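As you go down the protein sequences, you meet chains A and B in turn.
Going by UniProt numbering, the first sequence runs without a break in its numbering and finishes at 301.
Going by UniProt numbering, the second sequence runs without a break in its numbering and finishes at 325.
Since the hints were made in silico from the structure, they are not lab data.
Being a predicted model, the structure only gives us computed values, none of them experimental.
Okay, the calculated beta carbon distance ranges per label pair:
(1) A:E25 to B:T132: 54 to 62 Å
(2) B:R312 to A:S30: 19 to 27 Å
(3) A:D89 to B:N318: 53 to 61 Å
(4) A:E25 to B:H217: 40 to 48 Å
(5) B:N318 to A:K65: 42 to 50 Å
(6) B:L77 to A:K65: 22 to 30 Å
Below, computed lysine to aspartate or glutamate pairings styled on EDC-like, alpha-carbon distance capped at 20 Å:
(7) B:K191 to B:E152
(8) B:K102 to A:E54
(9) B:K13 to B:E311
(10) B:K170 to B:E216
(11) B:K191 to B:E90
(12) B:K88 to A:D64
(13) A:K65 to B:D159
(14) B:K102 to B:E144
(15) B:K88 to A:E54
(16) B:K173 to B:E144
(17) B:K188 to B:D285
(18) B:K88 to A:D118
Note that CB positions come from ideal geometry on N, CA and C, so glycine has one too.
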Amino acid sequence: MEYVNPEGLRLDGRRPMEMRQLRAEIGAVSGADGSAMFEMGNTKVIAAVYGPREVQHRSQMVNDKALIRCEYTMANFSTGDRTRKPKGDRRSTEISLVIRQTMEACILTHLMPRSQIDIFVQVLQADGGKRKILISHSKHLICYASQLLFTFFSGTRSACINAATLALADAGIPMRDLVTSCSSGYLNSTPLLDLNYVEDSAGGPDVTMDAKLPMDIFENVMQLATEGCKAVANYIREVRNLILVLFQAIRFEKVAIVWFLLMENQVCGERCRRRDVINHLPSYLLFGLNFRRFRAVTVGV
Amino acid sequence: MRGMEMSLNQTQKLRLQRALELLETLSSGINSNSSVTVADTIPVNQEDGVLKGHGTTELEGEVVATVCGVIERVNKLVYVRTLRARYKPEVGDIIVGRVAPKRWRLEINFSQDAVLMLSSMNLPDGIQRRRTAVDELNMRSIFEDDDVICAEVRDFMRDGSLQLQARSQKYGKLERGQMLTISPYLIKRRKQHFHHLDQYGIDLILGCNGFIWVGEHVETKDNMIEEEPIKPDPQNNKSKTSMSLEEEEQTYTPLETRQNICRIANAIRVLSTLGFSITIDVILDVVDLSISKGLDIHEMLGAEFSVLVAEREAERRNSSTRRKR
Numbered sequence: 001m002e003y004v005n006p007e008g009l010r011l012d013g014r015r016p017m018e019m020r021q022l023r024a025e026i027g028a029v030s031g032a033d034g035s036a037m038f039e040m041g042n043t044k045v046i047a048a049v050y051g052p053r054e055v056q057h058r059s060q061m062v063n064d065k066a067l068i069r070c071e072y073t074m075a076n077f078s079t080g081d082r083t084r085k086p087k088g089d090r091r092s093t094e095i096s097l098v099i100r101q102t103m104e105a106c107i108l109t110h111l112m113p114r115s116q117i118d119i120f121v122q123v124l125q126a127d128g129g130k131r132k133i134l135i136s137h138s139k140h141l142i143c144y145a146s147q148l149l150f151t152f153f154s155g156t157r158s159a160c161i162n163a164a165t166l167a168l169a170d171a172g173i174p175m176r177d178l179v180t181s182c183s184s185g186y187l188n189s190t191p192l193l194d195l196n197y198v199e200d201s202a203g204g205p206d207v208t209m210d211a212k213l214p215m216d217i218f219e220n221v222m223q224l225a226t227e228g229c230k231a232v233a234n235y236i237r238e239v240r241n242l243i244l245v246l247f248q249a250i251r252f253e254k255v256a257i258v259w260f261l262l263m264e265n266q267v268c269g270e271r272c273r274r275r276d277v278i279n280h281l282p283s284y285l286l287f288g289l290n291f292r293r294f295r296a297v298t299v300g301v
Numbered sequence: 001m002r003g004m005e006m007s008l009n010q011t012q013k014l015r016l017q018r019a020l021e022l023l024e025t026l027s028s029g030i031n032s033n034s035s036v037t038v039a040d041t042i043p044v045n046q047e048d049g050v051l052k053g054h055g056t057t058e059l060e061g062e063v064v065a066t067v068c069g070v071i072e073r074v075n076k077l078v079y080v081r082t083l084r085a086r087y088k089p090e091v092g093d094i095i096v097g098r099v100a101p102k103r104w105r106l107e108i109n110f111s112q113d114a115v116l117m118l119s120s121m122n123l124p125d126g127i128q129r130r131r132t133a134v135d136e137l138n139m140r141s142i143f144e145d146d147d148v149i150c151a152e153v154r155d156f157m158r159d160g161s162l163q164l165q166a167r168s169q170k171y172g173k174l175e176r177g178q179m180l181t182i183s184p185y186l187i188k189r190r191k192q193h194f195h196h197l198d199q200y201g202i203d204l205i206l207g208c209n210g211f212i213w214v215g216e217h218v219e220t221k222d223n224m225i226e227e228e229p230i231k232p233d234p235q236n237n238k239s240k241t242s243m244s245l246e247e248e249e250q251t252y253t254p255l256e257t258r259q260n261i262c263r264i265a266n267a268i269r270v271l272s273t274l275g276f277s278i279t280i281d282v283i284l285d286v287v288d289l290s291i292s293k294g295l296d297i298h299e300m301l302g303a304e305f306s307v308l309v310a311e312r313e314a315e316r317r318n319s320s321t322r323r324k325r
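With the hints as extra help, turn the sequences into a complete structure.
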C-alpha cells in the first residue's frame, strides 16, 4: 500500500512531517484537582487528577514519596465496534502501567510523602491504537540521561500522556518537566510524524507481546533487531531536531519529551529475552533505560 | 475563570470581557510577566545568592520552575506560588474539615488527612482533666464520620502529617449550615476568620483550606454547655436519638435563616467561579447587590448576576486604586 503518494502527501493529506490538529482544554472535569482534555486529530482523551491525597489502602503507603496510581479506560463508544470491554483487560492494564511509570519519573514524588495521586485517563474517541515502540526524549531530562524513557506508544497513548501531563500541571503538582508525547514511524522509506490509524496499523502484525518464538528464529529476528536499532538510532538523531521544531508549533513551547516510534517489522521480547534485546541496543540508547517497561521491540530495517 | 459553563449572550459576553480586561490592567502593574509554567527558567541574579523555595529546583545552574504559577520574591527567596493546588497548611491556620472514616482524621484538602487528638480538644463538659480510657471509648459520641469540624492547625509531625487542636469554644462541630469547597488560594490569611453576620443571624467561617462554613448562628460562651449537641454521658446520648417534639422545635432553623444561608453560599459560589478572592466585605457586597436587584436565590448563579458581580468588582478595584493615587 502506498502511504506517501508521489506528491509527498500522506493518506489524509498531511505532509510527512506534519502533525494532526491539536486541541487542548484545561479544567474539563469539575470535581477533580486537575483535569484536561486533549485531542490529536481524531483521538480525544480526557484526564483527571486527584491528589495528592490520603492513601486509600494503608498497606500501599510509601513513607518517603507519593504513591502514583493510574487508571486507563476506553469508553465503549470510542472505537468503531461497540464490544463491551471488560475493565482491567491486558491492554488497558498495560497502558495504565505505561502512563503511571512515565508520570512517576516526571513527578517530584519525594515532595509529597505518604500521599497518593490518582490519574484517570479515558479515551473518548480513538483513532488508531496498535502497540508500537516509542522512545522518549526530553529537553531537560536529557541532561539526566537516566531519565530517558523507552515505552510503547501509539497515537492514542501519546494523546493519553499529553492529557495526563496537562492535568497534572493543572493540579499544581510539582514536576521535573512537562512530558509530551508524539508518535512517528517509517513507512515507504519515509519518516512520518504522528501516525494516524491507517498508518499505525500498517506497521505489520501485532505479534509482539506474548508470542512464543523458537530460539533459532528468535536469534535471526534479534539480528534483524540489532540492525534495525542501529538504523533507528541514526534516524532518531536526524529527525529529533525536526520534531522539536514541529513541537514548538504546538501550544507548549516547553516541550520536553518526544516519543519516537520504531516500526516496520516486529520482534518479540518476552520477559526472559528482554536482556537479549537490550544487549543489542546501542549503548547510548540504553543509558538509564526504564528496564521494567522494556517488553518488546519493533524493528525498522 | 475556569468552570464557567454559563451560557452568556452576546452583550453579557462583551460586558464580562470588558470587566475582566479592566481587572487585568489594574493588576498588571504588580506581577506582569512573572507567571511561569513547568520547566521555565526563572531569571535570578546569581551573584546575590538565591534561596530556592517551593516550586523551584536547580538545573544546570539555573533555577527552574516545577509547577505552573506566579513567581514570588522575598529578598533572596524565590518561590513559585501555584494557583489551583491543594492547601498548604501553616501553624495557626483556622480550617474547616470533615471527619474521615476511622480515627479522628480530618479531610482538609491537604495531601494527607489531619489528626485531631482527643487530648487537644476541650471535652464537652468543659472540665480540664486527664483523658481516660472511657473518654477514648466515647470519642464517637463527640464527633462521628462525616461531621464538619472547625479547628486550628497546631503543628506538624516529623513525618509531615498535621496535628489540629480545638481548645476553645469557638472550635468544634458545625451544624445546621452548608459547607462550600473552593480553591484555597482565594482565601487569604487574616486576623478574623470567624464572622458573625448579625443582620442575617449567620455564622461564617472562612477556613484557610478552602472550606467555607455558612451556618446558623450559634451562641457560644454561656449556653455552650447546654447547647452542645454532644452529651458527655451515654444516657443523654441515647435520648438524642429519640428526640422529643420540643427539642426538635428548638433545633429547627427558621426558613428565613435558611434562605440567608443559601444566599450567602451562592454569593461565595459566584465569586469563586469568577476567581475573585473571598473576603467578608466582598461577600456582603455581593449579597447586598443581589438583594437590591431583587434577585431570587437561585437566580444568583445565573449568567447575568455573575456578569454584574464582575463589573462591580472591576469598578470597586478601579476606584480603590484611583483613591490611592
